[in-house]
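Protein chains in written order, with this note's numbering: chain G, 1 to 499; chain S, 1 to 323.
I should point out that these hints are in silico values taken from the structure, not numbers from a laboratory. Source: prediction; values computed, not measured. Glycine residues also receive a C-beta, built at the ideal position from the N, C-alpha and C atoms. A couple of the hints might just be wrong.
[Said to hold, decoys possible] Straight-line alpha carbon distances no greater than 20 Å define the calculated PhoX-like cross-link-like pairs of lysine-lysine that follow:
| hint | chain 1 | residue 1 | chain 2 | residue 2 |
| --- | --- | --- | --- | --- |
| 1 | G | K310 | S | K127 |
| 2 | G | K490 | G | K181 |
| 3 | G | K254 | G | K398 |
| 4 | G | K449 | G | K476 |
| 5 | G | K398 | S | K125 |
| 6 | G | K125 | G | K181 |
| 7 | G | K276 | G | K258 |
| 8 | G | K310 | S | K125 |
| 9 | G | K194 | G | K32 |
| 10 | S | K269 | G | K344 |
| 11 | G | K376 | G | K387 |
| 12 | G | K344 | G | K375 |
[As the list claims (entries may be wrong)] Pulled from the structure, derived: some chain S residues nowhere near chain G, Cβ distances all over 10 Å:
| hint | residue |
| --- | --- |
| 13 | I26 |
| 14 | S40 |
| 15 | F185 |
| 16 | I210 |
| 17 | L211 |
| 18 | G213 |
| 19 | I214 |
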Amino acid sequence: MTNDKNFILEVKNVRKEFPGVLALDDVNFDLKAGEIHALLGENGAGKSTLIKIISGVYKAEAGEIIIDGQKKIFNNPHEALNNGISTIYQEFNLVPHMNVSENVYLGKEDVISERFGILDRRKMKNETKELLNSINLSLNPNEIVKGLGIAKQQLLSIAKAIFRKAKVIIMDEPSAVLTAKEFEYLLKLIRGLKSEGIAIIYISHRIEEIFQIADRVTVLRNGKLIGTNKINDIDIDQLIKMMVGRRLEEKYHKATVKIGSDLFEVENINRKNILKNISFTLREGEILGITGLVGAGKTELARAIFGADKIDSGIIKIKNEVVEIDNPSNAINNKISFIPEDRKNGGLVLEMSVKHNITLANLNQLVKMSVINLKKEKEIAREFKGKLSIKTPNLERKTLYLSGGNQQKVVIAKWIFADARIFIFDEATRGIDIGAKVEVYDLIMDLVKQGAGVIFISSEFEEILGICDRILVMSKGRVTKEFNVKETDKEKILKAAII
Amino acid sequence: MLTSKMRNTEINQKNLNNKIDWRSAILPLIIILMSMLFYSVNNNFLSIYNFQNITRQVSVLAIIAVGQSLVIICGGIDLSQGSVMALSSLIAADFMVKYGMWQGILTGLIVGAFIGLISGTIYAKGKVPAFVVTLGGMTAIRGLTFLYTNGTPVVGLPASFKFLGFGKILGVPFPGAIAIMIFIFAFLFSRWTRTGRYFYAIGGNEETAILSGINISKYKIISFVISGIMAAISGLILTARITSGQPTIGEGMALQAIAASVIGGISLKGGRGGIVGTFFGVLILAIIGNGLNLMRVSSFTQMVVNGSIVIVAVFFDVYYKKD
Numbered sequence: 001m002t003n004d005k006n007f008i009l010e011v012k013n014v015r016k017e018f019p020g021v022l023a024l025d026d027v028n029f030d031l032k033a034g035e036i037h038a039l040l041g042e043n044g045a046g047k048s049t050l051i052k053i054i055s056g057v058y059k060a061e062a063g064e065i066i067i068d069g070q071k072k073i074f075n076n077p078h079e080a081l082n083n084g085i086s087t088i089y090q091e092f093n094l095v096p097h098m099n100v101s102e103n104v105y106l107g108k109e110d111v112i113s114e115r116f117g118i119l120d121r122r123k124m125k126n127e128t129k130e131l132l133n134s135i136n137l138s139l140n141p142n143e144i145v146k147g148l149g150i151a152k153q154q155l156l157s158i159a160k161a162i163f164r165k166a167k168v169i170i171m172d173e174p175s176a177v178l179t180a181k182e183f184e185y186l187l188k189l190i191r192g193l194k195s196e197g198i199a200i201i202y203i204s205h206r207i208e209e210i211f212q213i214a215d216r217v218t219v220l221r222n223g224k225l226i227g228t229n230k231i232n233d234i235d236i237d238q239l240i241k242m243m244v245g246r247r248l249e250e251k252y253h254k255a256t257v258k259i260g261s262d263l264f265e266v267e268n269i270n271r272k273n274i275l276k277n278i279s280f281t282l283r284e285g286e287i288l289g290i291t292g293l294v295g296a297g298k299t300e301l302a303r304a305i306f307g308a309d310k311i312d313s314g315i316i317k318i319k320n321e322v323v324e325i326d327n328p329s330n331a332i333n334n335k336i337s338f339i340p341e342d343r344k345n346g347g348l349v350l351e352m353s354v355k356h357n358i359t360l361a362n363l364n365q366l367v368k369m370s371v372i373n374l375k376k377e378k379e380i381a382r383e384f385k386g387k388l389s390i391k392t393p394n395l396e397r398k399t400l401y402l403s404g405g406n407q408q409k410v411v412i413a414k415w416i417f418a419d420a421r422i423f424i425f426d427e428a429t430r431g432i433d434i435g436a437k438v439e440v441y442d443l444i445m446d447l448v449k450q451g452a453g454v455i456f457i458s459s460e461f462e463e464i465l466g467i468c469d470r471i472l473v474m475s476k477g478r479v480t481k482e483f484n485v486k487e488t489d490k491e492k493i494l495k496a497a498i499i
Numbered sequence: 001m002l003t004s005k006m007r008n009t010e011i012n013q014k015n016l017n018n019k020i021d022w023r024s025a026i027l028p029l030i031i032i033l034m035s036m037l038f039y040s041v042n043n044n045f046l047s048i049y050n051f052q053n054i055t056r057q058v059s060v061l062a063i064i065a066v067g068q069s070l071v072i073i074c075g076g077i078d079l080s081q082g083s084v085m086a087l088s089s090l091i092a093a094d095f096m097v098k099y100g101m102w103q104g105i106l107t108g109l110i111v112g113a114f115i116g117l118i119s120g121t122i123y124a125k126g127k128v129p130a131f132v133v134t135l136g137g138m139t140a141i142r143g144l145t146f147l148y149t150n151g152t153p154v155v156g157l158p159a160s161f162k163f164l165g166f167g168k169i170l171g172v173p174f175p176g177a178i179a180i181m182i183f184i185f186a187f188l189f190s191r192w193t194r195t196g197r198y199f200y201a202i203g204g205n206e207e208t209a210i211l212s213g214i215n216i217s218k219y220k221i222i223s224f225v226i227s228g229i230m231a232a233i234s235g236l237i238l239t240a241r242i243t244s245g246q247p248t249i250g251e252g253m254a255l256q257a258i259a260a261s262v263i264g265g266i267s268l269k270g271g272r273g274g275i276v277g278t279f280f281g282v283l284i285l286a287i288i289g290n291g292l293n294l295m296r297v298s299s300f301t302q303m304v305v306n307g308s309i310v311i312v313a314v315f316f317d318v319y320y321k322k323d
């Protein structure tokens, strides 16, 4: 078969079925050498399945994969790797306790162990240094991976892929854990790869990014290919329409809500080396944004005021009364809630059902003499399922099987059931598709309309500007500026974030 | 868009439901098949006498397995159960001889609970992995047991104590009756009580449990105390059967309990599996043991069989979680 147009990868008429679900239905996809091809779609659209087929994790029921003009069948990821297909997942393929050079050489130690399988560590170190230099990544080959920040770990994963002579690098939500500055670096790196003829499949929910970086974009919806376009031939609205199948109104639905009296006040919160003299006030009906770059201390602040981490000093007041918050249980009794960044590890118990997760933070409400009123529990869960439109076939389903957006709704339901009046959202819409994001924003608006106060932590400036009333910018553990949303913009925020 | 997505997930659920039913249907099926197999080799297998035998033998494992399962569900593991069995029942036997039957029984239970309290606290508050605490405990407690009577058994137990091992209630051997009661109680406990629910939450995701306001140390310790009490109860039953306090009992019981739990579907990661499964797991191990005995298979061969079963059980467990 002739390889015209220089396609490095072609996926033709691929079909993938799981029990009862058609994950991919006659999907076509192609990739040219040196192309950056974005893959867009809501959660459940099939992006993940498609890349898993390309990288050998799944085998399709029908269809073909063609690499450099040759038809290939991958029986496992190893075979895909050997054909030049590398994937950088959101959870990196790194061993945290090993150092940089050991990770680069993971699985390829034979290359530097000539005599009796003994590793030539010096050679390993030098070649790793060379590799890293070639992509302008300054890392100490002896440094333990666990100690690197997330951004560096991700770049290391990419270095690994380059080391394996990848022809195709698949990146799944690479910018999710990066600051704006780190993202710029990633862009530079990707463009460098592009000039070497390496093709990249780039999955991201951030449409603005796609316009910055991609050459072409493919949209999937419900397992079907909706369309592939050159990035210059299309605009955001069209893409969104392709993704959701309907035109989306303005995302944030920001309504004017009456701001009430002081609800939650913190004074001089201090935690050695982590938080410095943080003070702010949250009022009823208000959405207070907290933003900053990765490492600014946003999550640490949230955990501190929720009692999940110890503080060295500071006062917390609720409705002008001083309260003692030294563990989450206290916080919950004071009607504070925390919807953490990692909903799978802190928000939900994945192995538990939807209904059991919903009641988890306020089980005492349903308990009489140590026995849980199971019937009432089910009713309550059903109520929440309806009110928050949680998509699940039944309440007994483990939350493991829900989509990201619906998982997040379960977490929110949990805290509403716990009678919270103060909601702390940490990266509430991370890893959630657009349709669900809007639903989450609407839920937050509902909460403040009923007089609750919301602390909304996000590193996405657009989101912060879209939904908050006031914005606190953090940097290096302290608040650098406070803005009213009407008197600021992305630039001002960024400036305050890098002080 | 909404409808097709929902339809997809609905169908998915139906099939996954089938998968789950498959697994809990297969265990009783295995039991029936094994029974038929053993019956064909030795007709005595299906006699009432043999059933009573099985019941007596299995009760000890059953009770310990309940404790082990609850600990595992809560995210821990207890390798020291066998040693706790020995120490608590030895002290109980000693007290029984000196002060009376009920005094002895009560003491045994308290010792079991107390050891559970200590291991649990070291694990929960000291943040020492449960595996390590109970591994060390296993040896140390066994040592204490031998020290307690300098290795000599305690004899001369009150005659009334024999009932615990040999008596019957409505034709059901007393140990069996206790085991059944404990299973029922444990089942209800895990499904209906707040503590049971918290066990699942902590084992399922500790961070989530913490952030949901659950006092994880408290409940981890409770799970260990329960395990200790279960070890004590089964130790007492075994002691009643052999009518003497022996410092050597319980060797390998913890591993058997873990095996039974895993066969029954309890995940070693925690937060997953149920008491019903453990019941079947115990039954399977007991029937195999009994059947092989009737076939006069050597106990060494039985060890190979038992070990292999655990591996096979975990294999199937992992295999079904894959897609």
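Exercise for the section: Run the structure past the numbered hints and jot down the numbers of the failing ones, going up. Expected result: 3, 4, 5, 6, 7, 12, 16, 17, 18, 19
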